[in-house]
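> The residues making up each chain are set out below.
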Amino acid sequence: MSAIAQAPEAAGTPAKKDKPSQGSFRRVVRQVLRQPAGIFGLAIVLLVILVAIFAPFLAPYKLPYLPGQASEWAKELGLNAEHVPGPSAAHPLGLDSYGQDLLTQIIYGARQTIVIGVVSTGIGLAIGAFLGLLAGGLGGKIDTAIMRLMDIMLSIPALLLAISIVSIMDRSPTAVMVAIGISQVPIFTRLLRGSLLGERRRDYVLAASSLGLRRPAIVTMEMMPNAAGPLIVQATLMLATAVNSVAALSFLGLSTSEPTAAEWGLMLVKAQSRLGSAPILAFAPGCAIAITALGFTLLGEALREQLDPKSRPR
Amino acid sequence: MSPAPVPARTHGDLLLSVRDLHVTFPGHTRKATGTKAVVGVSFDVHAGEILALVGESGCGKSATALAVMGLHGPDVKISGAVEFDGVPMVGRSERELSRVRGKQLSMIFQDPLTALNPVITVEKQLVEVLVRHEQLDRKEARARSVDLLRQVGIPDPQKRVKDYPHQLSGGMRQRVMIAIAMACNPHLLIADEPTTALDTTIQAEILDLILELATERAMALLLITHDLGVVAQTAHRVAVMYAGRIVEQAGRYEVFDQPRHRYTRGLLKSTPTLVGEARDRLDTIPGSAFDAEPWDQGCAFAPRCDFAVPACQAPKLDLVPVGSGDEHLLRCVNPAGEEES
Amino acid sequence: MSDNLLEVTDLTVRYVSSRSLVLNRPTSHITAVDKLSLTVPRGTSYGLVGESGSGKSSAGRALLRLEEIAGGQVVFDGQDITNLSGEPLRQLRRRMQMVFQDPIGSLNPRQRISTILTKPLRVQGSHDRRENLRRAGEALELVGLSKSVLDRWPHEFSGGQRQRIGIARAVVLNPELLVADEPVSALDVSVQAQIINLLLDIKAELNLTSLVIAHNLAVVRQLCETVGVMYLGSLAEEAPASQIFSTPAHPYTRALLSAAPIPDPHVEDQRERIVLEGDPPSPAQRHKGCKFVGRCALRQPTRCADEPPVLREIGPGHRVACHFAELLLDEQAAATAHLPSALVTPPPAV
Chain A
1 MSAIAQAPEA
11 AGTPAKKDKP
21 SQGSFRRVVR
31 QVLRQPAGIF
41 GLAIVLLVIL
51 VAIFAPFLAP
61 YKLPYLPGQA
71 SEWAKELGLN
81 AEHVPGPSAA
91 HPLGLDSYGQ
101 DLLTQIIYGA
111 RQTIVIGVVS
121 TGIGLAIGAF
131 LGLLAGGLGG
141 KIDTAIMRLM
151 DIMLSIPALL
161 LAISIVSIMD
171 RSPTAVMVAI
181 GISQVPIFTR
191 LLRGSLLGER
201 RRDYVLAASS
211 LGLRRPAIVT
221 MEMMPNAAGP
231 LIVQATLMLA
241 TAVNSVAALS
251 FLGLSTSEPT
261 AAEWGLMLVK
271 AQSRLGSAPI
281 LAFAPGCAIA
291 ITALGFTLLG
301 EALREQLDPK
311 SRPR
Chain B
1 MSPAPVPART
11 HGDLLLSVRD
21 LHVTFPGHTR
31 KATGTKAVVG
41 VSFDVHAGEI
51 LALVGESGCG
61 KSATALAVMG
71 LHGPDVKISG
81 AVEFDGVPMV
91 GRSERELSRV
101 RGKQLSMIFQ
111 DPLTALNPVI
121 TVEKQLVEVL
131 VRHEQLDRKE
141 ARARSVDLLR
151 QVGIPDPQKR
161 VKDYPHQLSG
171 GMRQRVMIAI
181 AMACNPHLLI
191 ADEPTTALDT
201 TIQAEILDLI
211 LELATERAMA
221 LLLITHDLGV
231 VAQTAHRVAV
241 MYAGRIVEQA
251 GRYEVFDQPR
261 HRYTRGLLKS
271 TPTLVGEARD
281 RLDTIPGSAF
291 DAEPWDQGCA
301 FAPRCDFAVP
311 ACQAPKLDLV
321 PVGSGDEHLL
331 RCVNPAGEEE
341 S
Chain C
1 MSDNLLEVTD
11 LTVRYVSSRS
21 LVLNRPTSHI
31 TAVDKLSLTV
41 PRGTSYGLVG
51 ESGSGKSSAG
61 RALLRLEEIA
71 GGQVVFDGQD
81 ITNLSGEPLR
91 QLRRRMQMVF
101 QDPIGSLNPR
111 QRISTILTKP
121 LRVQGSHDRR
131 ENLRRAGEAL
141 ELVGLSKSVL
151 DRWPHEFSGG
161 QRQRIGIARA
171 VVLNPELLVA
181 DEPVSALDVS
191 VQAQIINLLL
201 DIKAELNLTS
211 LVIAHNLAVV
221 RQLCETVGVM
231 YLGSLAEEAP
241 ASQIFSTPAH
251 PYTRALLSAA
261 PIPDPHVEDQ
271 RERIVLEGDP
281 PSPAQRHKGC
291 KFVGRCALRQ
301 PTRCADEPPV
311 LREIGPGHRV
321 ACHFAELLLD
331 EQAAATAHLP
341 SALVTPPPAV
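Chains as they are written, first to last, in our numbering: chain A, 1 to 314; chain B, 1 to 341; chain C, 1 to 350.
The set of hints was computed from the structure by calculation and includes no laboratory data.
Wrong hints could be hidden among the right ones.
[What the hints assert, rightly or not] Distance condition first, Cα-Cα at most 30 Å in a straight line; then the derived DSS-like pairs of lysine-lysine:
| hint | chain 1 | residue 1 | chain 2 | residue 2 |
| --- | --- | --- | --- | --- |
| 1 | B | K269 | C | K203 |
| 2 | B | K77 | B | K139 |
| 3 | C | K203 | C | K288 |
| 4 | C | K288 | B | K159 |
| 5 | B | K103 | B | K139 |
| 6 | B | K316 | B | K36 |
[Stated by the list, open to error] From chain B, some residues computed to sit far from chain C (all C-beta separations above 10 Å):
| hint | residue |
| --- | --- |
| 7 | S17 |
| 8 | F25 |
| 9 | R101 |
| 10 | V131 |
| 11 | K159 |
| 12 | V309 |
| 13 | P321 |
| 14 | V322 |
| 15 | G323 |
[What the hints assert, rightly or not] Chain C is nowhere near these chain B residues, computed Cβ spacing over 12 Å in every case:
| hint | residue |
| --- | --- |
| 16 | G40 |
| 17 | E128 |
| 18 | R138 |
| 19 | P157 |
| 20 | D199 |
| 21 | Q203 |
Glycine residues also receive a C-beta, built at the ideal position from the N, C-alpha and C atoms.
Using the sequences plus the hints, can you model the full thing?
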């Protein structure tokens, strides 16, 4: 083959030289960091993750306590249900009614929250994306069946759905994760199906079929990378919801029966009866939940700016 | 069909005057200086005249039109003078502008589906304009709406007036847009690619309609288009834009018969046509306007021009009259001769 | 080896236009392509023109087997491919490729140019990476780009450059048939000319047979030897390009030609346009007689409304679906004797 066509457009010098190559993880991070919301969100999320990882080093005391140890302390310090000592040098946030250091519990609580949040959102994302892929990629009767099922699931309030799942399964952190995950499924399914349907109309999909690519290959290899952006954004936002849901389920006493477990939602429950005398018992875990949720939300919104073309003004 | 002869011009007929218009869009980041869409555009439109602004995408023709209408957002920087009917438009408040817009000055857009409000009936959209500018009461306005639809050639106007935009075909929607724009007998209509989204046969009808209405009402028309065929059909005068500037401006016949700017000439030669001998190959302009150079270092077209000379790097390139009259303006240091075409 | 690379007989394509609420079952159809028949001889270029809704794109996709075929037959190089599936269909894909209208949407934004251009080779079973890259580079040079763009992303290019990449993808497999669906309509005038020339060059260089789908008559005139005009799913007229623009025999073709703007004010001054009545009817509508009857200025009271005109030969290679084509040609010859070709003044309505 010879170059017969005169090459009028300057032999393919790319037109926009200043733009870095798209598709790299680094580019997304750089773009996210350009927005104040992105910086704050990422900072909070990283902080929470670091705290969770290094909890044993950061916390002034070790968890878990040996059985009975806490009540021994309580006796030593002369604590009772009515009297909880406030902050002191040894205990910056004070003690709870079991005599446990509040700061230590908050720090260890980050672990629970992150793990439950990530795993449950992971479950929701995995099942939701799989169903969305089937529905949006295959269409037809499978699509109809899946979408009707999702409609039914969506018509039940998420918390109610989660509560029923937990009560079926037994109260345990695993049940909470599965419950929250499943309640998120319809959101991911609908989202991915929607963006796949949007991609389906674009010519590159037709181009791929004209090359002889098979349908499953087109959906997973060609369309999926383009449709996945909104999914990642939604997952980040759902992490915030999951953090709240974990707290809510714990608050309702559905996550664990261990009263001394370091879990923010559970800490709120325990603080309930002492709101008047020791508001810090509720305030500290409340803040922790709110800040973590805020972090994921901000990060999600910043990611949306970059990854979800539909929300971009252009 | 050809445009009606231009009415004899007198000094008082000057309707729109644009002088040294600059439009700069904000950059994506704080550091970037922003995109210069229009770089010093000047032109006049006289009463009853049809001026076509022609150019490829990104040449600034639409940005010019929006600046005249005062429709750019607040973060778009606009400088220069735009005078409509002797009254300056740049720097006027939104309130004052909205009194002029839709009354003496109207605009129609490329895509009538997005330019019409999808949740409001045709009638309500028309009535809204009539009540605001013509001080009609609702009943009169409704009667006028039906009348207007009839004038723009919509069959069965009593029925169609109750329709929502999506219930109409593309051609009918553009007719409704025109009816709304014509509602108050504007002195100047700006039409931004009014037929680009339409099929060939519908395009012809809509162009005829616009020409007919313009002639009938002695309305001036500023036509923004990329299609030289549409220009040949409609314009009295033509201004060719490239990278934010007018590079050549002349009467309709002169632009097509004796284009002097290399870009104008290149555009004409690269357009396939239905008349004349079939050509084996089309003449082309190398490169694309997509990566046009800015005007700071001489002619922005020079990198794509086969006839570029060192003088093209001159920092100041003015739009100057060529030939006998002052009708034909040109911004080029090495123009094509009058005879070679 | 047959002389005709592509033979399409009575091709019909239907779309579902509405579905039931709960079960999503199709409840009604529209016929986008209605018994279209055409033949493309090897090495020639066929232009399919029509307005939106004429079914020209659906036809192009259906004959590449990218759209479900509801009826009729597509024969490619002597082989009936209407019901081909699986591996044989994949083998066939190598021989027929497509160029798309939208230079932005037709390249996957998440793939580098190298991936986009070597994918066709890999799908067709060539897994030697170096060899694939070499062929991709060759294809790029053929379309006037340099090999060095291989590791770039689609968004780094202008519309014209992207269209060149799209063409490179189509020719990298060395196909025999190239279907180009509105290949230049999304491009600027000056770039349009470059791509038209490129298509002409490539066609000659690779000895391609091509089907060009376009709404712009002048583009088709530049690119094709034979032109078919579609109206509501079927051919209204088909003729060699030299004939159809000078002596159109179908009233719709005449209206279309008279409506196309011509970049010459002197020509425009003399022209008179044939105005069609009303809008094109919806494809969902059923027609007893001629589909064009509602908008035709030359319709005859009963015959046109009752009897559907068949596509019949009125001259060498000139086929038309109108009962009164001869009448039209005679009047036209009389009326336009003094005018340059393609400047057709309409005879008074019969």
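> Going through the earlier hints one by one, which of them does the structure break, listed in rising order?
2, 3, 20 and 21
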